[in-house]
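Could you build the full structure based on these sequences and the hints that come with them?
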Amino acid sequence: MRHALIFAAGRGERMRPLTDTTPKPLLQVGGKTLIERHLEKLAHAGVRRVVINTSHLAAQFPAMLGNGKRWDLHIDYSHEGPVPLETGGGIKHALPLLGPSPFIVVSGDIVSDYDYAHLPAEPEGLAHLVMVPNPDFHPRGDFCLDGSRLNEDGIGERLTFGNIGVYRPDLVAAEAGTHFRLLPSFQRAMRDLRLGGERYDGFWRNVGTPAQLEAIARRDGNL
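3 is the number of the first residue of the sequence shown in the working numbering; add one for each residue after it.
What the hints contain is simulated information worked out from the structure, not anything from laboratory work. Take the hints with a grain of salt, since some may be wrong.
Stated by the list, open to error - Listed next, with one range per pair, are the computed distances between beta-carbon atoms:
no.	residue 1	residue 2	range
1	Leu20	Pro64	17 to 27 Å
2	Pro19	Pro141	27 to 37 Å
3	Pro137	Pro98	26 to 36 Å
4	Arg13	Pro137	15 to 25 Å
5	Gly101	Gly68	17 to 27 Å
6	Ala61	Leu195	35 to 45 Å
7	Asp172	Ala219	36 to 46 Å
8	Asn69	Ala178	29 to 39 Å
9	Ala65	Pro19	16 to 26 Å
10	Glu42	Pro64	13 to 23 Å
To be verified - Derived EDC-like pairs: lysine to aspartate or glutamate, alpha-carbon spacing no greater than 20 Å straight-line:
no.	residue 1	residue 2
11	Lys71	Glu38
12	Lys34	Asp74
13	Lys34	Glu216
14	Lys34	Asp115
15	Lys71	Glu42
16	Lys34	Asp117
Think of the CB as a built atom: it goes at the ideal place given N, C-alpha and C, for glycine as much as any other residue.
Structure follows, in structure tokens:
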């Protein structure tokens with residue numbers, strides 16, 4: 003895969019006051035911003051064009067990251083205006099920059115050692131999601147993984163979506179409106195047996211609060 007989208011438009015309310023002046027993906031851990039870690043890993047996996055969606059403090063992203071040349075990438079910015087378009091709307095808004103082929107999508111506020119090169123270039127259905135064991139803050143999980151298929155029918159192991167995946171444009175291209183979440187698209191794909199996934203047991207953390215950011219920094223600044 004040659005294209006990827008990094009979600010970076012959110013306000014990061016739980017990270018305040020840090021996010022009052024700095025977008026959450028531009029916060030540092032171990033001397034490197036969260037989003038730079040994703041850019042490095044995407045480049046290593048062979049991605050060459052990255053789209054970053056922006057809203058809150060949007061001007062800081064191109065000022066810090068530029069055009070991506072330092073990572074051998076080309077970065078486009080998909081600005082959503084003062085109000086983010088939600089996860090589904092953000093992808094739909096960025097589709098003209100992402101092209102017709104499947105693309106990687108990752109949230110800018112996670113830290114993980116997952117290797118993006120392991121993602122399928124052609125998902126079996128509309129999308130392939132990386133699922134992780136349920137963290138303490140989300141014990142009920144999101145979807146059930148039965149083999150390589152995801153469902154909401156209680157079949158298989160219930161896991162948490164790790165905010166890493168591969169999507170086909172058709173997942174959201176026909177959705178009405180501009181502001182919408184991904185969950186209904188996922189649910190329709192599951193009902194049609196067109197949502198795949200895998201379990202990942204390596205290091206994965208959601209960076210939701212200053213305490214979580216500090217804990218990751220203490221663990222290993224080189225992730």
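Evaluated hints:
1. Leu20 to Pro64: 17 to 27 Å: 21 Å, holds
2. Pro19 to Pro141: 27 to 37 Å: The hint (27 to 37 Å, Cβ to Cβ) holds, given that Pro19 and Pro141 are roughly 29 Å apart.
3. Pro137 to Pro98: 26 to 36 Å: Holds - the Cβ-Cβ distance for Pro137 and Pro98, about 35 Å, lies within 26 to 36 Å.
4. Arg13 to Pro137: 15 to 25 Å: 22 Å Cβ-Cβ, so the 15 to 25 Å window holds.
5. Gly101 to Gly68: 17 to 27 Å: With a Cβ separation near 22 Å, Gly101 and Gly68 satisfy 17 to 27 Å, so the hint holds.
6. Ala61 to Leu195: 35 to 45 Å: Check passed, 43 Å falls within 35 to 45 Å.
7. Asp172 to Ala219: 36 to 46 Å: 39 Å, holds
8. Asn69 to Ala178: 29 to 39 Å: 34 Å, holds
9. Ala65 to Pro19: 16 to 26 Å: 21 Å, holds
10. Glu42 to Pro64: 13 to 23 Å: For Glu42 and Pro64 the Cβ distance comes to about 18 Å; the hint holds.
11. Lys71 to Glu38: With Cα atoms ~12 Å apart, Lys71 and Glu38 stay inside 20 Å; holds.
12. Lys34 to Asp74: Roughly 17 Å between the alpha carbons, so the hint for Lys34 and Asp74 holds.
13. Lys34 to Glu216: 13 Å, holds
14. Lys34 to Asp115: 15 Å, holds
15. Lys71 to Glu42: The hint holds at about 11 Å.
16. Lys34 to Asp117: Holds, at roughly 18 Å.
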